[in-house]
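Asks: Each chain is listed here by its residues.
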Amino acid sequence: MNWIERIKSDPDKTLATLYNEIQDEATKWIKIEFGLQSDDADEIFQTSIVLLYDNVVTGKLTELTAHIKTYLFSIIKNKIIHLNRSRSKMSSLDATEILQGVIDEEYEEISSEDLNKANTALMKLGEPCKSLLELSYYQQMKLDEITILLGYKNNDTTKNLKYKCMKRLQKIFFE
Amino acid sequence: MDNFNIENFELYVTNAMSADEKMVFEQKIFDDPQFAADFEHFKTLKAGIRKQSLQDRLDILKKNIDHKPSEDPEPLRHSWASYLLYLLGLAILMALIFYLVRSPEKPETQPSLPAVHTQKQDSLQQQDLDSLRSDTMRFIPQKTVVPAVKGKTSVSKQDKGYADNEFTPKNQWREAMALYSKPQNLASIMRDGPSESDKKFNDAILLFKASKYQEVTALIGNEKDEKNLYLNAHALLLTGKTQQATVIFRNFADDDFSTYHEESRWYLALALFANYPETKDELNSLTAQLLTVPDYKQKVADLIAKMK
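Here the protein sequences come in this chain order: H and F. Just so we're aligned, residue 1 is where the first sequence starts under this note's numbering, counting upward by one. Just so we're aligned, residue 1001 is where the second sequence starts under this note's numbering, counting upward by one.
Keep in mind that the hints are not guaranteed to be accurate.
Said to hold, decoys possible - With a straight-line Cα cutoff of 25 Å, these simulated DSS-like cross-link-like pairs (lysine-lysine) come out: (1) H:K164 to H:K117; (2) F:K1308 to F:K1280; (3) F:K1043 to H:K142; (4) H:K130 to F:K1224; (5) F:K1062 to H:K77; (6) H:K171 to F:K1224; (7) F:K1200 to H:K13; (8) F:K1043 to F:K1022; (9) F:K1028 to H:K171; (10) H:K153 to F:K1200; (11) F:K1199 to F:K1182; (12) F:K1182 to F:K1170; (13) F:K1199 to H:K8; (14) F:K1063 to F:K1199; (15) H:K130 to F:K1199; (16) F:K1062 to H:K13; (17) H:K159 to F:K1297; (18) H:K171 to H:K159; (19) F:K1299 to F:K1170; (20) H:K8 to F:K1062; (21) F:K1182 to F:K1299; (22) F:K1022 to H:K159; (23) H:K167 to F:K1028; (24) H:K60 to H:K130; (25) H:K60 to H:K79; (26) H:K79 to H:K8; (27) H:K13 to F:K1199; (28) H:K164 to F:K1043; (29) H:K153 to H:K130; (30) F:K1043 to F:K1028.
Just so you know, the hints here were simulated from the structure itself, not pulled from any lab data. Every value quoted in this text rests on a predicted model; they were computed, and no experiment measured them.
Please model the complete structure; the sequences and the hints are all you need to start from.
Replies: Encoded structure:
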């Protein structure tokens, strides 16, 4: 199984494996090439791993033409160049903040406030709605796959629940 | 945002509409401000779902990875501070050892209690424990087995906790359980970084499948998330704690948004039936509603037959 298939089938385990395999080399390279401290290099590296996952899930990366390390290093490089333009040299880096910044920039038309509200609403929504919506709207999983994975009765049940969950999420969003 | 709109929004954002459908959709966005606003909300919520998913992935990654100590040299002031702290600690330790070695043994200021007093107390405590045990034993029934329900569920009174004062009358509960079958909708996703509540739920499912219902309640009885509450309601129902089960199932049945809304109405009917005829009014109203649901029509008919 190649890396893309592994990321799709067992993301959390694969991302941790990838991190552990490349971390030393990647952080050394970041420190030498971009003059960052170890902690900052590690935060950038973690963010890049999650962005790699995002590229696989959203279909931006469907096939690797080079080694995965090369692809990952290009994400790191782009991210650091982008960050160097916007941040103060003195401030330390945090993976969560970098990741939020990436998403906020990508959805320019949506205000950060609304995006955060949607985030909070999703947390309040809880399970199983949270997983159901993530599988459907982020991972683009088909109804029959979700039905099997979550053990629902049939596709109609899953579809109805998904709509209910979406309406519930909207309700919480406006509270 | 209604179901029809959500379906159309999905088709549009995934580029699954034909050119004509796309044109109609875009025209509607232009003509109908409410539709346009709903579409904006849909996109915001979808973006929020993606953002949260990535955040979850990062959190799990942080948990899963081997944390290595930073290789950067520590600032000089930190080394000096540590050195001073070591020295201070060492000095305190030396002073303590010196004090202990030099100070003479002090006589005990508080004489120990006479042995006879202690024995008396022990005997009193023993008596209390014995009486407590005998009081408690009165409430613990001898192990008797309630017959299996249509081959699906076998409930032993002692193992399953049946026979507490709060429990429902035995025969009525048994009648209700004859119509019971385990729910289908209990699967969950196990990830590398599941929450404590998820882990408990998965363990509880295994216990539930092994018919260890009391242990299910012991494990997840305090959990407040939907799936644990739902599973616990089943465990309570199966151990005869029908009133507690009724409260939980009723909450789900009243909540139209709940994942377990539909199924809970049927299990609520069973829990109510276990306390029939006190619950007659609510049960009549519920069975009338359930008769209109094809999936439950036959089951409800059987239940009504038993009510007569």
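Asks: Would you mind marking each hint as holding or not holding in the structure?
Replies: A quick look at each hint next to the structure:
1. Distance restraint check for K164 (chain H) and K117 (chain H): the Cα-Cα separation of roughly 19 Å lies within the 25 Å cut-off, and the hinted pair is therefore satisfied.
2. At roughly 11 Å between alpha-carbon atoms, K1308 (chain F) and K1280 (chain F) fall within 25 Å of each other, so this suggested pair holds.
3. Proposed proximity of K1043 (chain F) and K142 (chain H) is supported: the alpha carbons are some 19 Å apart, at most 25 Å.
4. Restraint check: the Cα-Cα separation between K130 (chain H) and K1224 (chain F) comes to about 16 Å, which is no more than 25 Å; the hinted pair holds.
5. With a CA separation close to 21 Å, the supplied pair K1062 (chain F) and K77 (chain H) stays within the 25 Å bound.
6. Restraint check for K171 (chain H) and K1224 (chain F): satisfied, since their Cα atoms lie roughly 21 Å apart, inside the 25 Å limit.
7. Of the supplied pair hints, the one linking K1200 (chain F) and K13 (chain H) holds, its CA atoms being roughly 21 Å apart against a limit of 25 Å.
8. The suggested pairing of K1043 (chain F) with K1022 (chain F) holds, with an alpha-carbon distance near 17 Å, which does not exceed 25 Å.
9. For the hint pairing K1028 (chain F) with K171 (chain H), the CA-to-CA distance comes to about 23 Å; that is within 25 Å, so the pair holds.
10. For the hint linking K153 (chain H) to K1200 (chain F), the alpha-carbon distance of about 23 Å falls within 25 Å, and the restraint holds.
11. Restraint check for K1199 (chain F) and K1182 (chain F): the C-alpha separation of about 21 Å stays at or below 25 Å, so the hint holds.
12. Taken as a hint, the K1182 (chain F) and K1170 (chain F) pair is honoured in the structure, with Cα atoms around 20 Å apart against an allowance of 25 Å.
13. A distance of roughly 23 Å separates the Cα atoms of K1199 (chain F) and K8 (chain H); the hinted pair therefore holds under the 25 Å criterion.
14. Distance hint between K1063 (chain F) and K1199 (chain F) is fulfilled; the C-alpha atoms sit about 15 Å from each other, no more than 25 Å.
15. For the proposed pair K130 (chain H) and K1199 (chain F), the alpha carbon gap of about 17 Å is at most 25 Å, so the pair holds.
16. With a C-alpha separation of about 12 Å, the suggested pairing of K1062 (chain F) with K13 (chain H) holds against the 25 Å cut-off.
17. In summary, the hint linking K159 (chain H) to K1297 (chain F) is supported, as the alpha carbons are separated by about 22 Å, within the 25 Å threshold.
18. Taken as a hint, the K171 (chain H) and K159 (chain H) pair is honoured in the structure, with Cα atoms around 18 Å apart against an allowance of 25 Å.
19. Annotation: proposed proximity of K1299 (chain F) to K1170 (chain F) holds, straight-line Cα distance about 21 Å (limit 25 Å).
20. Restraint check for K8 (chain H) and K1062 (chain F): the C-alpha separation of about 19 Å stays at or below 25 Å, so the hint holds.
21. Note on K1182 (chain F) and K1299 (chain F): the hinted pairing holds, with a Cα-Cα distance of about 14 Å set against a maximum of 25 Å.
22. About 23 Å separates the Cα atoms of K1022 (chain F) and K159 (chain H), which keeps this hinted pair within 25 Å; it holds.
23. Between the alpha carbons of K167 (chain H) and K1028 (chain F) the distance comes to roughly 21 Å, so the proposed pair stays at or under 25 Å and holds.
24. With a C-alpha separation of about 24 Å, the suggested pair K60 (chain H) and K130 (chain H) falls inside the 25 Å cut-off, and the hint holds.
25. For the hint pairing K60 (chain H) with K79 (chain H), the CA-to-CA distance comes to about 16 Å; that is within 25 Å, so the pair holds.
26. The straight-line distance between the Cα atoms of K79 (chain H) and K8 (chain H) is roughly 23 Å, inside the 25 Å bound, and the hint therefore holds.
27. Between K13 (chain H) and K1199 (chain F), the direct Cα distance comes to roughly 17 Å. Compliance with the 25 Å bound is thereby established for this hinted pair.
28. With a C-alpha separation of about 17 Å, the suggested pair K164 (chain H) and K1043 (chain F) falls inside the 25 Å cut-off, and the hint holds.
29. For the suggested pair K153 (chain H) and K130 (chain H), the alpha carbons sit about 18 Å apart, so the restraint of at most 25 Å is met.
30. For the hint linking K1043 (chain F) to K1028 (chain F), the alpha-carbon distance of about 16 Å falls within 25 Å, and the restraint holds.
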